[in-house]
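S.K.: Take a look at the letters that make up each chain.
Protein chains: 4
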Amino acid sequence: MAAQRRVLRLPDIPGYTTLKGDFHTHTVFSDGNVWPTVRVQEAWRDGLDALAIADHVEYLPHKDFIPVNHNAAWEICRTLAEEKNIILVHGAELNRDMPPGHLNALFIQDAAALAVPDIMDAIEAAVRQGAFIMYNHPGWEAQERDGIPKLYPIHRDLIAKGRLHGIEYVNTYSRYPLVLDMCRDHRLAIMGDSDAHDVISEIYKASENAHRPVTLVFAKERSSASIREAMFAGRTAVWSGNELAGFENVAAPFFRAAVSVAKPHRADDKSIWFEVGNASDLPFFLTDGPAGAPSSLTIPANGSVIVKAERRYLTEPLAYTAKNVVIGNGKSLAVTLAPGGGPAGPIR
Amino acid sequence: MAAQRRVLRLPDIPGYTTLKGDFHTHTVFSDGNVWPTVRVQEAWRDGLDALAIADHVEYLPHKDFIPVNHNAAWEICRTLAEEKNIILVHGAELNRDMPPGHLNALFIQDAAALAVPDIMDAIEAAVRQGAFIMYNHPGWEAQERDGIPKLYPIHRDLIAKGRLHGIEYVNTYSRYPLVLDMCRDHRLAIMGDSDAHDVISEIYKASENAHRPVTLVFAKERSSASIREAMFAGRTAVWSGNELAGFENVAAPFFRAAVSVAKPHRADDKSIWFEVGNASDLPFFLTDGPAGAPSSLTIPANGSVIVKAERRYLTEPLAYTAKNVVIGNGKSLAVTLAPGGGPAGPIR
Amino acid sequence: MAAQRRVLRLPDIPGYTTLKGDFHTHTVFSDGNVWPTVRVQEAWRDGLDALAIADHVEYLPHKDFIPVNHNAAWEICRTLAEEKNIILVHGAELNRDMPPGHLNALFIQDAAALAVPDIMDAIEAAVRQGAFIMYNHPGWEAQERDGIPKLYPIHRDLIAKGRLHGIEYVNTYSRYPLVLDMCRDHRLAIMGDSDAHDVISEIYKASENAHRPVTLVFAKERSSASIREAMFAGRTAVWSGNELAGFENVAAPFFRAAVSVAKPHRADDKSIWFEVGNASDLPFFLTDGPAGAPSSLTIPANGSVIVKAERRYLTEPLAYTAKNVVIGNGKSLAVTLAPGGGPAGPIR
Amino acid sequence: MAAQRRVLRLPDIPGYTTLKGDFHTHTVFSDGNVWPTVRVQEAWRDGLDALAIADHVEYLPHKDFIPVNHNAAWEICRTLAEEKNIILVHGAELNRDMPPGHLNALFIQDAAALAVPDIMDAIEAAVRQGAFIMYNHPGWEAQERDGIPKLYPIHRDLIAKGRLHGIEYVNTYSRYPLVLDMCRDHRLAIMGDSDAHDVISEIYKASENAHRPVTLVFAKERSSASIREAMFAGRTAVWSGNELAGFENVAAPFFRAAVSVAKPHRADDKSIWFEVGNASDLPFFLTDGPAGAPSSLTIPANGSVIVKAERRYLTEPLAYTAKNVVIGNGKSLAVTLAPGGGPAGPIR
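Residue numbers (the working numbering), protein chains in the order written: chain E, 1 to 348; chain F, 1 to 348; chain H, 1 to 348; chain A, 1 to 348.
In isolation and in its complexed conformation, chain E is listed as follows:
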C-alpha cells in the first residue's frame, strides 16, 4: 500500500488554527542516517503541518565522505516540501558545551553564516536573520549529569536580551517538567521535538501506538510567518505520548474543543447515564472525581465513555482533574463535565 498521510485530530481553539510541527530533526548532512527528503515524507505521513531540519553546524561526523554544506538539506527538500504542502522551516543546531549547550536557530536564511567560533557571534548571526532561538534538551545527561534542566547565567542573559525564545520540554522520549515553569516565568515557548537522527517510524512504532513529540502551534493562519509569530508569542503546547502540556490559556480551550458531553440517555430514581465523547487523538485521564460519580474516568481518543452518576449532576457540573493535561511542573488542568447542559443525543 502506498504511503498515506495520517490526519491528526488535535482541534483548533477559538481564534487560532492548531498547527502541528517538529522543529528538530537531522539528516546525513550532520549525524543523521537519512537523506533529507525522507524527513519531508515522514512529516507528510505523520500529518504534520511544519518541519524543521536542523543539522549541526559543528558536529559533522560524515565529513570524510560528505563535504560540509550547511544548507544542503534545505536545498534538497524545498520543492518536495512545497509539493507535499509541508511548511519547511530552515534551521540549524549550534552545539557548545553546557552552558549554553545546544541551541536551535529556526526560520533562518543561511546556516553557513552561523559557522563561527564564538557562540554569541553565532546567535547574533542567527538573530540578524530573524531566528527563533530554542534551548534544546536542557536536561540531557551527556551534558547535564543530574538530568535537571537549568537556566545558567548565559541563558538568563540571552533571555534578557531577547535572544532565547523557547525551550524543549520534550526531546525524543525525555520530558523535562521544570521547563514548564521556566517557560512560564520567562514567557518562552514550550517546545517538543523528535530530534530524530534515525527513521521516525522505527523510533515511534505504529504497532505500539506511539507518535513523535509534536509542538502544537496556535497560529492565526497556516503559514510559516504565522507559525513564527505564534512561537515568538509563546502560543505553543506539546503533544507527547498520551500527554498535552501547555499553559491554561491554550490547554483549557483545547480540552473544551475536544470533549463533548451529551444529555443523559437514561435515568432512574437515583442515577443518570450520559455519554462523554472525545474528538481528538489524545485520550483524557480524569481523576479526583466528585462523590456519586466515578472517581476516575478515561475518555478514549476518538471514542466515548458512558458515565453513571447521581441525579444531582443533572444540574451540577462534575469537577475533575485532567491528569494528562499538564499546565505546569506537577500541575494538571481542572475541568468540568456538564451533562445537564449538553446537547441531546449520543456522541457520534
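Honestly, the hints are just simulated from the structure, not real lab data.
Please note: incorrect hints may appear among the correct ones.
Copies of the same chain are indistinguishable here, so a pair counts whether it falls within one copy or spans any two.
Lysine-lysine pairs mimicking BS3-like chemistry, simulated, CA-CA at most 27 Å apart [what the hints assert, rightly or not]:
id	residue 1	residue 2
1	263	323
2	150	323
3	150	263
4	205	20
5	263	20
6	150	161
Bear in mind that the values here come from a model prediction, so they are computed numbers and not experimental data.
Using the hints provided, position chains F, H and A relative to the given structure of chain E.
M.R.: For chains F, H and A alone, kept in the frame of chain E given last:
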C-alpha cells in the same frame, strides 16, 4: 485496558442522521456461542447505534441443556442495552427450506408467537406485531447450490402482499450483488449483517483492519421508531469491507459528505497540486480518471491524498468513478472533484 | 483466515516434558459468557495441552434461564477436546466466604456430588474422586480487603490432612508473591490460571502481545494422569506476562534449555563480541552484570542479542540475575553465561 | 524498546546450513535514502546472515552533494558488520540499457575498477576480482516494456563464457517465473533481493506480516567463502511473501525439514485424527488432496493443523501438492504426509 467504544466515522447526509446497525446475530439461546449480553457489549465497542438479536425459532441445538425460551435473549439484554445507549431491536429468525429459506422478523414484541408450523402463519404473526421481514443470505450455498440469490414465487407473493421488506446483500463475508437489483426493482431495503454465531472480534479482527458488515440507516432521528420507518422506506446502505453499497440517492450525498477538496496549494506553469481529504472510515478508490490527472486515486479513510493535475482542472471538475461505492449490480458511483471551487487551506 | 494453533515455545527440561495448561475457566453454566466448546477452541488456538473448566457449584446467576447441571460443560466438550488433542480436566469451583474462600477441585468425575452445604463435606466428596484441590486467588480483594493472601487455620488444617495441593500465584492479571513462599514451605503446587469468564482473546490481546497465565506442568508424559502426578508432586511453574515463576529445581533447567551462548564471533585486544540466543517465548531480563560487561541485558523471546565484554570472559563465566525468573517472594534466579565454552557459530 | 534481532526459522537441510541473505541494496552513495550503517542494522534485525550493498557505479543522482566514492558504503559498514556478525559482501551495480540491463557484481574488492565505459570491460574487471555476476530484475518494465524477462544474445554469450552466474527471480515485490526455467536450463543461481532504496521496515511492514525477499544459500558453513561457493554451485532458493522457490534438490529436503507428522491422537471406526506441524516461518498451502482426506490444507508457519482422514491413511501416505513451494515456472512440489509412520505424541 478497559473496553472502549469505537466511534464510526460514517457521515450524516442532508436531512438524515446515519445510524449504524447489525440486525442479525445469535446467542446460546439458539445456535450461538455467547451469552446475550456479549452481543450488546460488542455492539457498543463497535460503535453501533442499533442491534438485533434474532435467535432461530426452530433450530435449537442446545435444547438438551437450555429450555426453549424464544424471548430469553431480549429479556436478558434490555437493561444493559439501555445503559449502553444501544437501540435493541427485538428479532427472531424463521428457518424453512428454500424457498422461502431463512427470514428475520425485526421489531417484534413476542418471538414465541412465531413458533408455528406454517411459514405463512409465522409471517402473519410477525406482521401483526409490526415486523419488518428480511430475506436472509439468499445465495447461501447450503440452501442454494449455485450460490445465486433468487426471488421464488413465494418471495414475489410476499413482496406483493407487503410481507417482505428487505434482503441481505451482505451476510458475514458473503456479498450477493444481484440483491442490489432486486431491491431496486421491488423497492426493498438493502441489508448487511454479521449473522454472528461466534465472537465478533474473532471473526472481524482489528489487526486485519476488518469490521463486521453494517447496515447504514438514514433515519430522521436516533430512535427505534425512526430506524423502522427508514427501513420500511428503503433508506439503507451497507458498509462491508472497503465497500459502500446503496442507491444513488444515499450514496451520492454520502460521498459528498465524506470527501473534501482543497484549493491548490501549489501551481506552476503546467500543473496544480491540491489535497483531497476523506473524513470517513471508508477509503475511496477512484478510477477512470481524466487525461492530465491520475487515472486512479485512493483517498484513504480518515486521511488525505495530494493530487497533481494539469492546470485546466482549476476551472474544470475532474470526473472519476468511485469503484467501491456500489449502486447496483456491477455499477459504481460517478463522482467529481473540483479543486477550483474548494475551500482555501489544507485538509485538516 | 481460519483459526490457527499457536505453538508455545516453552522448552522441555531434562527428564520431563513441559505441558501447558489453564486449570480455571468458566462457561454459561455458571457465570461465564461463552458456550463450553469455545473454551476448547481457545485452548487449542493458544497452544495449550490441558484445560480445566471449573464452573461454580454454588454461584449460578443464569439459573432462571439454564437449569442446574454441574457436569454440563464437561459433557458438551469431551468429544471436541479429544478431536483437538486437548487434555480436558473435569473440574468444579467451590465458593465459600473467606476462609476458606474459593477452591477448585480438579480431576473429578462428578461435580454434582460436590453440591453439598458443608465445605468439608464437599472437599471430601472431591477427594474421594481423586481431586487435586487448589486455593484460588487468595488475595482477591472482594474477599480479602488488604489484598494479602493468607493461610487461615482451615487452610493449614486442609494441608495437614493432604486436602489442599496447590495455590494460585497468578489469577487473570493479579500476582500474589507471598504464595511462592507458602507453596515452598508447604510443598504445594504453584498455579497460574485465567479464571476466564469472558472471551480469552479479548482479555489477552494479541495486538498487545498478551497471553493468558499458563501453568507449566513438568510431566513424565503427555497424559491426564501424568499432569495429575506432576501437580501432586509440585512440579509446576507459572508463565504470566513476561515472567516465569517456579522453584529453582525447574526454573534453572528451564533457563538452560531456553538460552544458548555462542563462541565469540569477534575479538580485539580488549573485547569479545558474542551472541546469546533464546529459543523460548519468554524474554529474559538479566541484571546485576559483572564489571567489564553490560550491567543489564535483554535476551528477547525467540531472538538473540550481541554482547560485548572484556576478554577475560573468554575463560570466566558472566554472572547475572534473571530478574523475571522468580523463584520466591522477591527472589530471582542466578544464572551464568559462558561464551568461552559455547558452541561455535551464531545463534540460528 | 531497543531493536531486536528476529530469528528466521528456515531450517537447514541435510549436508548444508541454510544461510539467509539480501544481495542487492542501496545507500545515499548512489540513489538510496539511508546511510550505509542502516543497511547493516536492518539486516541484523531481519535475521539475515549476509548482506550486499551494491550501489550503482554509474547512476549517482546525489553527486552534487556527495563526491563519487564507489567503495564508501563498504568502508563505512565493515566494522559494524563484524560486530553484528553479519557477513558483508562487497558489491556494485552496473547499469546499462537493456540488453544487458542491470548487473550486480558481488564478492569484489574494489568497485572503482568497475567504473569503465564498456560493459564487457566492467564485467571483466569484476571477474578478475572473483565476482559473482547477477542479472537484476530482468522483467523490469522501465527497461522491458512487456515485463517478460529475456535472455538476449549478450546474456547467452556471458553465460557461455562463465561470466553470468545468477538471475533475480524476485526483486522487491516483483516475481519473474520464467527465470526459474532460465536458471534450470543454464545452471544459474536463483536470486531474490530487496533492491532497497528506502527503509526496509517501511517497504515490508511487520504489521502486514511482510518480509523482504531473501535468498537462501545452502552453504557448507557460515562464511563468505561458503556463500560464494554455494552461489556459484547454484545451491540457492528464494523466500518471498509466502512462497519458497527453488529446485527440487533443495525444496524437497526443506519441506521435510520443516514439516512433521504425528501419529494419530484419535481414531474411530472410520477416521483418524492427526496433527501436522510446521517448524518454519513459511506456511505450506497443500492442494490436490486424496479422497477421504481434506482436499486442501494449510499448515501455518510455526504452528500446526489437525487433519481428519479415513483410516486407510494409517498405512498409506497422503499425497498433496505444496502449492507455494515452486520448483519451476508453473510447477509446485509434490509432497506426502505419513501419519502412520510419524512419531507418537503431538506437535510441540
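S.K.: State whether the alpha carbon distance between residue 263 and residue 323 is at most 27 Å within one copy, between copies, both, or neither.
M.R.: Cα proximity of residue 263 and residue 323: one copy only (24 Å, versus 40 Å across).
S.K.: Using 27 Å as the alpha carbon limit, work out where residue 150 and residue 161 are close: within a copy, between copies, both or neither.
M.R.: Only inside one copy: residue 150 and residue 161 sit 18 Å apart there, 66 Å across copies, limit 27 Å.
S.K.: From the Cα coordinates, with 27 Å as the cut-off, is the pair residue 150 and residue 323 best called within, between, both, or neither?
M.R.: within (25 Å within a copy, 36 Å between copies)
S.K.: How would you label the pair residue 205, residue 20 (within, between, both, or neither) given a Cα cut-off of 27 Å?
M.R.: both (19 Å within a copy, 26 Å between copies)
S.K.: Is it within a copy, between copies, both, or neither that the alpha carbon of residue 263 lies no farther than 27 Å from that of residue 20?
M.R.: between (33 Å within a copy, 20 Å between copies)
S.K.: With 27 Å as the alpha-carbon cut-off, assign the pair residue 150 and residue 263 to within, between, both or neither.
M.R.: Close neither inside one copy (48 Å) nor across copies (46 Å); limit 27 Å.
Consistency note: the structure conflicts with earlier hint 3 alone.
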